[in-house]
Amino acid sequence: MSKRLWAAAAVVVAAVALSASAAGAVGETVGSCIFDELGEAQFEGIEGDGFTAVKELKTQYKAGDKHAKELKEDFEKDLEGCLEAPNPIIPEVTEIIWGGAAFVVLLALMKWKLFPVVKNLMEQRTQRIQDSLDDADRERAEAAEVRARYEAELADAKAEAARLVDEARDQAASVRADLQSRAEADIADMRERAAADVEASKRQAIADLQSEVSDIALGAAEAVLGRSLEDPEMQRQLVDDYIASVSAGQD
Amino acid sequence: MAERSASYADAVAAVARAEGNLDVVSDELFRVARALEGSDELRMTLSDRQVPAARRQQIVEDLLGGQALETTTAVVSMIVAAGRSSDLIGIAREAVEINARDRGRSVAEVRTAVALTDDQSGRLSAALSAATGHQVDIKVIVDPSIMGGVVATIGDEVIDGSVRHRLSQLRDTF
Chain W
5 MSKRLWAAAA VVVAAVALSA SAAGAVGETV GSCIFDELGE AQFEGIEGDG
55 FTAVKELKTQ YKAGDKHAKE LKEDFEKDLE GCLEAPNPII PEVTEIIWGG
105 AAFVVLLALM KWKLFPVVKN LMEQRTQRIQ DSLDDADRER AEAAEVRARY
155 EAELADAKAE AARLVDEARD QAASVRADLQ SRAEADIADM RERAAADVEA
205 SKRQAIADLQ SEVSDIALGA AEAVLGRSLE DPEMQRQLVD DYIASVSAGQ
255 D
Chain Z
215 MAERSASYAD AVAAVARAEG NLDVVSDELF RVARALEGSD ELRMTLSDRQ
265 VPAARRQQIV EDLLGGQALE TTTAVVSMIV AAGRSSDLIG IAREAVEINA
315 RDRGRSVAEV RTAVALTDDQ SGRLSAALSA ATGHQVDIKV IVDPSIMGGV
365 VATIGDEVID GSVRHRLSQL RDTF
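Same order as they appear, the protein sequences are chains W and Z.
Taking our numbering, the leading residue of the first sequence gets 5, the next gets one more, and so forth.
Taking our numbering, the leading residue of the second sequence gets 215, the next gets one more, and so forth.
Isolated chain Z (complex conformation) (with noise of 0.2 Å):
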């Protein structure tokens, strides 16, 4: 399945660099990637394939119409239409991860209980090249579930310094 999404993912960076917006399509995947995460319903719809691929073509083009690049929305409705709707999630990680790569940097999934302000973009971006020694493009997921702080996922490594984290730490000592 994860060679799946890289084989989809590698589709789409090489359409995105022929088009010259890799840095947006991979961009906008990664925020249509969070809008499934964040709702059962849709993710369902797109991945019913009861519902006819014309169908679900036209729901997405009316939720990424003049929102998105017509590149990501003409990828994401070839992945719907694919039946592939299921593995949208990890093919944008791994065109965010592309696109990385494409620049020199690395990507970390960043998840914060609020939106962070640009400023902490920027000094957690460079606490995070620096702990990791190379560039690091951060993608911030707003996730009101960890309470408070931030969880970095960098690769395989994970840096928790969420409230949840800690509460369960404390669980865990008592």
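Isolated chain W, as found in the complex (with noise of 0.2 Å):
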């Protein structure tokens, strides 16, 4: 804020020093300098002062008075000082007093209405771009947050895409060992009902072949047993045997 005063008030000051002029130095114009001059002018040799003494060197010079023509000469440069300007760099001390007034009541103004406006119009910039960056920060975290939160979300769909693959791979392996293993069951059963039929014929084929021959066997036996029984002697035969046996603890 300090910053900010000093640099109006060298403005002010650059504004009146510039401002300066000849005329503006002294507090009078030009044509009143000049008035000034040709009133209180007085010339050595020439009776009286002012006009009349103006008047008085200007016949004088007419009439070719050598140093006539020289005071006129030095009164000339008098009236052309009237248009030579003043000091740039020091004013009156009047426009000192008076710009100083000046630039104290216009900076009481200023502290007074319009520097809390301005500074309140610069609080509120302030403020705003304040509110503008926090909002910008927080709308920052926030999309922070969600990107976060969608990179977890992501994660987590990847991870579950990961775990689902994984679990159809097993199951996949799961049910592909299973196949295997009751295809290879199968086989094996097959095979071995297979043997088992095998062994079941050959068995059959063997005891049908055995069957047969006892039957053949134990048909002519009884054929030939069938003669032999018709005979009397051979039923007594076996009938003592039986006794024997019987009496001999066999039966």
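Think of the hints as simulated: they come from the structure by calculation, not from any bench.
Honestly, I wouldn't trust all of these hints.
[Unchecked claim] Okay, the calculated beta carbon distance ranges per label pair:
1) W/220 to Z/251: 25 to 35 Å
2) W/236 to Z/386: 22 to 32 Å
3) Z/358 to W/221: 19 to 29 Å
4) W/221 to Z/216: 34 to 44 Å
5) W/196 to Z/255: 51 to 61 Å
6) W/221 to Z/268: 49 to 59 Å
7) W/220 to Z/216: 41 to 51 Å
8) Z/369 to W/221: 33 to 43 Å
9) Z/234 to W/220: 52 to 62 Å
10) W/248 to Z/369: 19 to 29 Å
11) W/220 to Z/264: 17 to 27 Å
12) W/215 to Z/265: 43 to 53 Å
13) Z/371 to W/216: 29 to 39 Å
[Unchecked claim] Okay, the calculated bits of chain W under chain Z, using three or more residues with CB under 8 Å as the criterion:
14) 223-229
15) 232-242
By construction, the Cβ of each residue, glycine as well, lies at the ideal position given by its N, Cα and C atoms.
Could you use the hints to bring the two separately framed chains together as a complex?
Now the structure itself:
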């Protein structure tokens, strides 16, 4: 705030200095300067002063008086002095007083009315910018949070997808292994059944053959035995053998 | 059924004892039972409830009249009239057992392909008595289906020395 105050004061001083003029420096115009020079003119060797002296000098100059010519040239230089500018750096005291007073009044007005408004506007603008920055930070934080959440959900989705893929792969492997084991078991079972069927067929064939052979043999034996059993002596012998075996404790 | 046959047998034995001829009656009952075993037609006729009881009793009297004791004829006629013809074989077996027990002996049912001589019967009875440890009476049944040899049944024990049994064993061996 103090830097701004000093900058404003410097601007005011510069404006006063640059606006200064020759006439302005003494507080009078060029015309009044010339009028004052004419009214107060006094020349060596010429009686009277003021406009009378100037009029006499003009007369003597026109008469060709050499001294009058020199006085005239000196008086012209004095008049030209009215046209010269005052000191560009240091103004007149009155100007400084008025300018300073105006500056103080202006500064007071500015501090009383303008600066609070400007300050308020600047603070509002600062607050607005701060709010905007805060909003931007908050939105950035929210965006970061959303992004983090999204990334987390994406990671979860990827993990879930990977888990599902692994699970599906495991299930496929399990199903494949199960099918393979079943197929192997079926093949083994079919082989076993086929072997059992072959073995059973072989046994059946052997049994059939044995049965057939035994039937033939038994048939032949029964035929022979039947003829023998028709013999009463054979029947008697069988009964006697039975009695003998019972007596001996045999059946 | 066995209990009912035993009850009938006890009644028959009581009647025969009262008449003093249990030994003969039981033997004749055994023969009647064998006749029923050998004749499906006779067994079915005596068991047919469509045939009047009087008719069935008449058949019994016609068959046994003059060939068996009146006591035997009477008890068989009573059993047939009671509709227990199918139990007659079991009743006869029980009556024979009761008669044997009364005399302190056992009964062996002996099946043979041909009839035994008295000598064979005596030796077989002696052999079975020695084998079982007590006196055995034999009841011979001629059964050609055993082909030859003897099958003796004493209570639950069967001593099978028949040719049919030997052939069966031989067939099982094959």
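Hint check:
Checked against the given bound of 25 to 35 Å, the beta carbons of residue 220 of chain W and residue 251 of chain Z, roughly 34 Å apart, stay inside it. For the pair residue 236 of chain W and residue 386 of chain Z, the beta carbons lie near 29 Å from each other, so the given range of 22 to 32 Å is met. Remark: the range hint 19 to 29 Å for residue 358 of chain Z to residue 221 of chain W is upheld by a beta-carbon distance near 23 Å. Against the hinted window of 34 to 44 Å, the Cβ-Cβ separation of residue 221 of chain W and residue 216 of chain Z comes to about 42 Å, which satisfies the hint.
Separated by about 57 Å at the C-beta atoms, residue 196 of chain W and residue 255 of chain Z satisfy the suggested range of 51 to 61 Å. Between residue 221 of chain W and residue 268 of chain Z the beta carbons are some 57 Å apart, a value that agrees with the proposed interval 49 to 59 Å. Checking the proposed 41 to 51 Å range against residue 220 of chain W and residue 216 of chain Z shows it holds: the Cβ atoms sit about 44 Å from each other. Checked against the hint of 33 to 43 Å, the pair residue 369 of chain Z and residue 221 of chain W passes, with Cβ atoms roughly 36 Å apart.
Distance hint for residue 234 of chain Z and residue 220 of chain W: a CB-CB separation of about 60 Å, consistent with the stated range 52 to 62 Å. Distance hint check: the CB atoms of residue 248 of chain W and residue 369 of chain Z are about 23 Å apart, consistent with the given range 19 to 29 Å. One distance hint, 17 to 27 Å for the beta-carbon pair residue 220 of chain W and residue 264 of chain Z, is violated here, with the actual separation near 49 Å. Here the CB-CB span from residue 215 of chain W to residue 265 of chain Z is close to 47 Å, well matched to the stated 43 to 53 Å.
The given range of 29 to 39 Å is respected by residue 371 of chain Z and residue 216 of chain W, whose C-beta atoms sit roughly 36 Å from each other. Residues of the segment 223-229 of chain W lying with their CB closer than 8 Å to a CB of chain Z number 3, which satisfies the three-residue condition for coverage. Only residues whose C-beta sits within less than 8 Å of a C-beta in chain Z count toward coverage, and the segment 232-242 of chain W has 6 of them, enough to reach three; the restraint holds.
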